[in-house]
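Novice: These are the residues of each chain, in order.
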Amino acid sequence: MTRDDEFRQTFKIKGRDFSHAGGVSTEIKEILQEIGIPTQLIRRVAIASYEAEMNVVMYAQQGKLILSINPETIQIEVEDKGQGIKDIELAMQEGYSTATEEMREMGFGAGMGLPNIKKNSHVFLITSTPGVGTYLKMIFYLDHEKAS
Amino acid sequence: MTLKKIVRHLSLTMVSGASLLTKEVKTGYASDLLSDVIAHAQPDSLWVTLQTHVNIIAVAKLKDLAGIVIVNGRQPDEETKQKAQAEKIPLFLSKETAFQVSGKLYQLLNEGK
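Residue numbers (the working numbering), protein chains in the order written: chain Y, 1 to 148; chain U, 1 to 113.
In case anyone wonders, no lab produced these hints; they're calculated from the structure. One or more of the hints may lead you astray.
Unchecked claim - Derived lysine to aspartate or glutamate pairs resembling EDC-like cross-links, with alpha carbons at most 16 Å apart:
| id | chain 1 | residue 1 | chain 2 | residue 2 |
| --- | --- | --- | --- | --- |
| 1 | U | Lys61 | Y | Glu27 |
| 2 | U | Lys61 | Y | Glu79 |
| 3 | U | Lys88 | U | Glu24 |
| 4 | Y | Lys118 | U | Glu24 |
| 5 | Y | Lys12 | Y | Glu77 |
| 6 | Y | Lys12 | Y | Asp87 |
| 7 | U | Lys5 | U | Glu24 |
| 8 | Y | Lys14 | Y | Glu79 |
| 9 | Y | Lys118 | Y | Glu77 |
| 10 | Y | Lys64 | Y | Glu77 |
| 11 | Y | Lys119 | U | Glu24 |
| 12 | Y | Lys64 | Y | Asp17 |
As the list claims (entries may be wrong) - Derived DEER-like restraints, expressed as beta-carbon distance ranges:
| id | chain 1 | residue 1 | chain 2 | residue 2 | range |
| --- | --- | --- | --- | --- | --- |
| 13 | Y | Asp87 | U | Asn110 | 26 to 36 Å |
| 14 | U | Gln100 | Y | Arg8 | 44 to 54 Å |
| 15 | Y | Ile35 | U | Gln107 | 36 to 46 Å |
| 16 | Y | Gly36 | U | Gln82 | 28 to 38 Å |
| 17 | Y | Pro130 | U | His40 | 25 to 35 Å |
| 18 | U | Asp36 | Y | Leu125 | 17 to 27 Å |
| 19 | U | Gly73 | Y | Glu6 | 23 to 33 Å |
| 20 | Y | Arg8 | U | Lys95 | 45 to 55 Å |
| 21 | Y | Thr100 | U | Gln107 | 36 to 46 Å |
To be verified - Every beta carbon over 12 Å from chain U, so not counted as near; a handful from chain Y, in silico:
| id | residue |
| --- | --- |
| 22 | Ile35 |
| 23 | Gly84 |
| 24 | Asp87 |
| 25 | Ile139 |
Beta carbons: idealized from backbone N, C-alpha and C, even for Gly.
Required output: the full structure, derived from the provided sequences and hints.
Specialist: Structure, rendered in structure tokens:
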């Protein structure tokens, strides 16, 4: 269902690869800067995409991120194969995290990931099947009128 | 205030960023939680942290931070040093605590105003 005026790019995210973690979000930020998206919106997208990317790195074996940009919206979908989320409502609560001790020592697992994504996107959808994986969709409106 | 002036006043050891010392630092941010930095650090901040692993470079790049100071005499991972150089993120070390470094930085930045 790609529109004629839509730019679309898919990025692969590798689970457990902390060395390259954040790389996809940086690439997205650079694309948005190149096409002249307002800085404030780029900041929101960068926060949300980083958190989504890190969730894949920490909790999944692999995943992909699909960036779609059209004149009205920036949409990011992230789909992973991994442990999934048992209780989404709980995972959405700030401070709740299932991160391991090792991840916490590295400064992850603050329980801010999903809340940060929700706060920074205009539309946020999440579905998950424990043991299978998680799907996230976030939409950012380029038009501020619609966003508020 | 330039990085150069801060490096001198705080006696920081430079790991990377020799060519970026003219960069302007607007403010600072002290935190060891990456999600907190991602959500709240302002662009052109000098980030004070005890985290040493490579992901701090990605965070600094994504947030357009002016640089990173690793405190408590901690040593960054080899991978972190290499990535800081490759991504042109100024990275510094201090033997002092996050409290001491942040306090001095706060004072210095406010004096400069």
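Novice: Output the indices of the hints that this structure fails to meet, ascending.
Specialist: 2, 4, 6, 11, 13 and 19
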